[in-house]
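Sequence order for the protein chains is A and B. Just so we're aligned: 382 in numbering that gives the first Met the number 0 is position 383 of the first sequence, and the numbers increase by one with no gaps anywhere. Just so we're aligned: 71 in numbering that gives the first Met the number 0 is position 72 of the second sequence, and the numbers increase by one with no gaps anywhere.
One thing to keep in mind: the hints can contain errors.
[To be verified] Footprint (simulated), chain B over chain A, 3 or more residues, beta carbon under 8 Å: (1) 92-104; (2) 206-214.
[As the list claims (entries may be wrong)] With a Cα cut of at most 20 Å, we get these calculated SDA-like pairs of lysine to any residue: (3) A:K383 <-> A:L264; (4) B:K94 <-> B:W28; (5) A:K227 <-> B:L9; (6) B:K24 <-> B:G97; (7) B:K24 <-> A:L219; (8) A:K319 <-> A:Y262; (9) A:K319 <-> A:N392; (10) B:K94 <-> B:T25; (11) A:K319 <-> A:S376; (12) A:K227 <-> B:I14; (13) A:K228 <-> B:L9; (14) A:K199 <-> B:I14; (15) B:K24 <-> A:T212; (16) A:K199 <-> B:P15; (17) A:K228 <-> B:T13.
Simulated from the structure, these hints should not be mistaken for laboratory data. From a predicted model like this one, the values you see are computed outputs, not experimental measurements. Note that beta-carbon positions come from the ideal geometry of N, C-alpha and C, so glycine has one too.
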Amino acid sequence: MTTETERKVTIITGNYAIAEAMRQINPDVAAVYPITPQTEVSERLATFVADGLLDTVYVPVESEHSAMSACVGAAAAGARAVTATSSQGLVYMQEVLYIASGLRLPIVMANVNRALSAPINIHCDHSDSMGARDSGWIQLYSENAQEAYDNVLQAVRIAEHQDVRLPVMVNMDGFIISHGSEVVELLDDKEVTEFVGEYKPAFSLLDVEHPVTIGPFDGLHGHFFEHKKAQIEAMDRARGVILDIGREFASLSGRSYGFFEEYRLADAEVAVVVLNSAAGTGKIVVDELREQGLPVGLLKLRVFRPFPSAELADALRNLKAIGVLERAVSPGLEGGPVFAELRSALFDVGISPKVASFIYGLGGREFRPEHAREAFSSLLDISKTSHANNLVNYLGLRRR
Amino acid sequence: MRGWKEDDYLPGATIPLGGTARENKTGSWRTTFIPYFNSKVCQACPPSGQGCPSLSEDCSVTCQRDCLLCWISCPDGCIVMKDGEIQGIDLDYCKGCGICASVCPRSAITMVNKNEN
Chain A
0 MTTETERKVT
10 IITGNYAIAE
20 AMRQINPDVA
30 AVYPITPQTE
40 VSERLATFVA
50 DGLLDTVYVP
60 VESEHSAMSA
70 CVGAAAAGAR
80 AVTATSSQGL
90 VYMQEVLYIA
100 SGLRLPIVMA
110 NVNRALSAPI
120 NIHCDHSDSM
130 GARDSGWIQL
140 YSENAQEAYD
150 NVLQAVRIAE
160 HQDVRLPVMV
170 NMDGFIISHG
180 SEVVELLDDK
190 EVTEFVGEYK
200 PAFSLLDVEH
210 PVTIGPFDGL
220 HGHFFEHKKA
230 QIEAMDRARG
240 VILDIGREFA
250 SLSGRSYGFF
260 EEYRLADAEV
270 AVVVLNSAAG
280 TGKIVVDELR
290 EQGLPVGLLK
300 LRVFRPFPSA
310 ELADALRNLK
320 AIGVLERAVS
330 PGLEGGPVFA
340 ELRSALFDVG
350 ISPKVASFIY
360 GLGGREFRPE
370 HAREAFSSLL
380 DISKTSHANN
390 LVNYLGLRRR
Chain B
0 MRGWKEDDYL
10 PGATIPLGGT
20 ARENKTGSWR
30 TTFIPYFNSK
40 VCQACPPSGQ
50 GCPSLSEDCS
60 VTCQRDCLLC
70 WISCPDGCIV
80 MKDGEIQGID
90 LDYCKGCGIC
100 ASVCPRSAIT
110 MVNKNEN
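Here chain B stands alone, though its shape is the one from the complex (with noise of 0.2 Å):
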C-alpha cells in the first residue's frame, strides 16, 4: 500500500461538511436528451386569458399554470421555481429522465434530443 495512512481517512467516510452534494454535478449523467422549458406554455393566461389551451368557465379551479406538477415530481430537485412560478431547469445536477416532461399537463417540457439540435 502506497503510503497509505489511517488518519488520511475520516472514520466511517465520514466527511465534515454539510451540502458536499452540490458538488458532484450529475448533470454530467446526462447523455442524449436534455429537457426544454417553455415558459410561455407554462405561464399562459395573462391576466387578460390569451393564449391559454385550456381556457373555460371553470379556470380558477382547473388553472394548469404553475401546477408545480415538474417541480414536485423532479427526483433531483431540477425545477427552478421562485415566488411559485417556474423560472427553468439546472442542468448541472438533471440526469434527463424526463419525468418532468412526462407530468406536465400542457406539454410546456419537451425532451429534446440533443444529438438531433
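The following block holds chain A by itself, in its conformation from the complex (with noise of 0.2 Å):
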C-alpha cells in the first residue's frame, strides 16, 4: 500500500527546478561554486542546507576547480555527490572532468550553458558543454525547466547504474531556461527517494575493514590503455542503461525520454536537428509550415554523449536534407561539433541526406522562429539540388 503521492504544479525557473531536483535527491555532498548563470542552483541549494530541510553536507570551495576535486573525493569515500556550473567554470574543472571520468565515480552535475570567453559573455551558447565532449562524461541536454528536472533525477541512476559507473552532465540552456519561468511539474519527496534508492558504492576510501588504492599512477608498463577500453566500454553500456531508465522514469512520470525526440519526423522531407531550447522555437516554426503543407520536421538530441549514431541515422534516414542547428564552434571544423559527429554517423547510411550546418545563437544572440523559417527555406532548397552551395550557415549574424 502506498502512500498518496503530493506531486506540485508550479511555475519555477530552470535553476530552480534543478535545485529542486537535488532538494529531493539528499545528496551526501555538495560541492559548488557560484558562477552566473548557475549561482541560483548552488544558493538554492545552500538555502536548502541552512533550513535543515537535506542531511548534505554542503561545501562552499573557492573555486570551480575544487568542487569538482572535492566532489571526486566524496565520491571515492562513498559519498553521492553533486555539483553545478557553467561556462568558465566547466573549463576550470576539466582536468578533473577527466579525473572524474578516469576513476568511474558517478557524480551529478548540472551544467547551465553558457558561452566562454574571450570576449567576456555570459549568455547561453554551447561551446562550455561541446569543449567537455572528451572528457567521458555523459551529457543529457535540456528543451526546458521539466526536462532539465527529469534529466537531473534519472542522471543519478544512470551514473550510479553498476554496468555504467560514470559521471553524468545535464545541459540546460543559460537564461533562458535557467532564469526563465515555465510550468514544471515536481514529483513527491517520496518518489524521488524511492525513484534514486540508496547509492551503493563500488569502493569507498572510509571503508576502513575493506581499504582501497584510488588513483594509483599507472605507467608504462601498466594497464592505462585497457583502462580506457574499459572506460570506452561503459558509455557503450551506458545507452541501453539511459533507455531502461528513460522507460522507468516514463512509467513513473508519464513523461518518456529516449535519445532523442522526433517531432512531426516521419513523413518529413526535410528537418533540423537541435539540442536544447531552441528546439521549442523550431516545434513552432515547424507546426507553422506544415499548416502551410511543407514536409518539415525536427529531431531534438537529448543524450550527447554517448552520441547515438546507429539510432540517430535509422532516424534521419529517409529525409533529404538535414540541418544542424549547432550553437557551439570549433574554428577551423567546418560546421560544429554536432555536425561533424552527425555526418560521420549518417557516413555509412546507404542513401545520404545532404548536411549543412546552421551557426545560431552564439553569445546568447537570439534564436527567433525567422531563424528557423530561413533554415527550413534553405533546407527546403537543398533538398530540391544535387548538393548545398554553402555546407556551413550563419543564421542572426549581422552583417556589415
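With the hints as a guide, dock the two chains, each given alone in a separate frame, to form the complex.
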C-alpha cells in the first residue's frame, strides 16, 4: 500500500527546478562554486541546507576546480556527490572532469550552458559543454525546465548503475531556461527518494575494513590503455541503461525520455537537428510550415554522449536534407561538433541525406522563429538540388 | 587485443588493497648519491656535553641535537625516527635528493657519490 503522493505543478525557473531535483535527491555532498547563470542552483541548495531540510554536507569551495575535486574525493569516499557550474567554471574544472570519469565516479553535475570567453559573455551557447565532449562524461541536454528537472533525477540512476559508473552532466540553456519561469510538475519527495534509491558505491575510502587505493599511478608498463578501453565499454553500456532508466521514469512520471525526440519527423522531407531550448522555437515553426503544406520536421537530441549514431542514422535516413542547428563552433572545423559527429554517423547509411550546418545563437544571440524559417527555407532548396551550396550557414549574424 | 577481458581490471584502476605504495621500492630510482648519516654528529652532547659542535650557555634553547629537520623535510618519509631520535635512512625508498643533507644544521648527513666510493 503506497502512501498518497503529492506532486506539485508549479511555476519555477530552470535553476530552481534543478535545485528542487537536488533537494529531493538529498545528496551526501554538494561542493559548489557560484557562476552566472548557475548561481541560483548553488544558492538555493545552500538555503535548503541552512534551513535544515537536507542531510547534505555543503562545501562552499573556492573555485570550480576545487568543486569538482571535492566531489571526486567525496565520491571516492562512497558519498553521493553533486555540483553545478557553467562556462568558465566548467573549463576551470576541466582536468578534474577526466579524473572523475577515469576513476569511474558517478558524480552528477548540472551545467547551465553559457558561452566561453573571450570576449566575456554570460549568455547562452553550448561551447562549454561541447568543449568537454571528450572528457568521458555522459551528456544530457534539456529543452526546458521540466526536462532539466527530469534529467537530473535520471542522471543519478544512470551514473550509479553498476554497468555504467560514469559521471553525468545535465545541460540546460543559460538565462533562457535557467532564469525563465515555466510550468513544471515536481514529483513527490517520496517518489524521488524511491526512484533514486540508495547509492551503493563499488569502493569507499572510508571503509577501513576493506582498504582500497584509488587513483594509483599506472605507468608505462601498466594498463592505462586497457582502463580507457574499459571506460569506452562502460559508455557503450550506458546507451542501454539510459533507455532503461528512461522507460522506468516514463512509467513513474508519464513523461518519456530516450536518446532524442522526433517531432513530425516520420513523413518529413527536410528536418533540423537541434539541442536544448531552440527546439521549442523550432517546433513552433515546424507547425507553422506544416500548415502551409511543407514537409518539415525536427529532431531534438537529448543524449550527446554517448552519441547515438545508429539510432540517429535510422531516424534520419529517409530525409532529403538535414540542417544541424549548432550553438557551438570549433574554429577550423567546418560547422560545429554536432554537425561533424552527425555526418560521421550518416556516412555509412545507404542513401545519404544532404547535411548542412546552421550556426546560431553564439553568446546568447537570440534564436527567433524567422531564423528557423530561414533554415527550413535553405533546406527545402537544398533538397531540390544535388548538393548544398553552403555547407555552413550562420543564422542571426549581423551583416556589416 | 590478446585476450583482454574487462573483468581483468577493476574499474578506475582501483586497487582493492591499502598500503600498496610500500611494494614499490622507489629507492631503485636513486642514481649517483646516497645519504650517509653520522649519528655521532647528530646526537653530539651526551649528558656530559662532550663533542657538541655548538656548545654554549643557551643550550636549552639552541640545541640542534635531534632537531628532526631532516625527518620533516624528507619528501619520501625515509628518515627513520624512533622515540625522537634519528635512527638512519631507509634506502628502500630514498631517491637521493639530498634535501636532508642540505637542511641539517650540523651536516650530520652527507651525500656520498657511490661511484667514487
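Need the status of pair K199 (chain A), P15 (chain B): alpha-carbon distance at most 20 Å?
OK: K199 (chain A) and P15 (chain B) at ~16 Å, within 20 Å.
Between K228 (chain A) and L9 (chain B), is the straight-line Cα distance small enough, at 20 Å or below?
Holds - the C-alpha atoms of L9 (chain B) and K228 (chain A) are around 12 Å apart, at most 20 Å.
Count the residues of the segment 206-214 of chain A whose CB lies closer than 8 Å to any CB of chain B, then report whether that count reaches three.
holds (count 6)
Straight-line Cα separation of K94 (chain B) and T25 (chain B) no greater than 20 Å?
holds (7 Å)
Sort out whether L264 (chain A) lies within 20 Å of K383 (chain A), counting only the CA atoms.
Distance ~18 Å between K383 (chain A) and L264 (chain A) Cα, so the pair holds.
If you draw a straight line from the CA of K228 (chain A) to the CA of T13 (chain B), is it 20 Å or shorter?
holds (15 Å)
Measure nothing beyond the straight line between the CA atoms of K319 (chain A) and S376 (chain A); if it is 20 Å or shorter, mark the hint as holding.
holds (13 Å)
Is the Cα-Cα distance between K24 (chain B) and L219 (chain A) 20 Å or less?
holds (17 Å)
Are K227 (chain A) and I14 (chain B) close enough, with their CA atoms no more than 20 Å apart?
The hint holds at about 16 Å.
Agreement of K24 (chain B) and G97 (chain B) with the hint, judged by alpha carbon distance not exceeding 20 Å:
holds (18 Å)
Do three or more residues from the segment 92-104 of chain A put their C-beta atoms closer than 8 Å to C-beta atoms of chain B?
Per the Cβ count (4), the hint holds.
Is the Cα-Cα distance between K227 (chain A) and L9 (chain B) 20 Å or less?
holds (12 Å)
In terms of the numbered hints stated before, the structure departs from none.
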